[in-house]
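Model the full assembly from the supplied sequences, consistent with the hints where possible.
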Amino acid sequence: MDQDLTDVTQDREQALREQLRQAADRLTRARYIYDYGEKNLNLLRESRENFINSLRNTGLSYIEAKTKYDNCLDDQSGHLKELGVELDYAQRLYTRACADMETAAAAVS
5 MDQDLTDVTQ DREQALREQL RQAADRLTRA RYIYDYGEKN LNLLRESREN FINSLRNTGL
65 SYIEAKTKYD NCLDDQSGHL KELGVELDYA QRLYTRACAD METAAAAVS
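When we follow this note's numbering, the leftmost residue of the sequence shown carries the number 5, and every step to the right adds one.
Hints in this document: simulated from the structure, not taken from any laboratory.
Please note that a few of the clues may not be correct.
What the hints assert, rightly or not - In the BS3-like style, the derived pairs of lysine-lysine whose C-alpha atoms are separated by at most 30 angstroms in a straight line are:
(1) 72 to 43
(2) 72 to 85
(3) 85 to 43
(4) 70 to 43
(5) 70 to 85
Following this line, the structure appears as C-alpha cells:
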C-alpha cells in the first residue's frame, strides 16, 4: 500500500515538473517572440519616411504610399497586441505551474 502511494506521489511530482518545464518553455518563447515583434515595430516606426519613399519609387503617390505604411503599421501593432495576450497567458500558466509545485511540495512535507 505504501509503495503504491509512493509511486502515485512520484508520478504526480514528475507530471508537475513536466508541466512546469513546458510552461517555462512556452513563456520563454512568448517573451522572445514578443520582444522580437516589439523591436521590429519600433524599427518600422523609425523608418517611416524611408518606407514611404521606397513605396513611392514603385510609382505610388505619397498618399497611397502613406496609406500602405499606415496599414502596415496598424497590422503590425495588432499582431503585437495578440503576442502580448499570448505572453500574458504564458505567464499565467507558468505562475500556476509554480503554485502547483509549491502546493505539492507542501503536501509532501
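A quick look at each hint next to the structure:
| no. | hint | in the structure |
| --- | --- | --- |
| 1 | 72 to 43 | holds, 20 angstroms |
| 2 | 72 to 85 | holds, 20 angstroms |
| 3 | 85 to 43 | holds, 13 angstroms |
| 4 | 70 to 43 | holds, 21 angstroms |
| 5 | 70 to 85 | holds, 22 angstroms |
Hint check: no violations occur; every hint is consistent with the structure.
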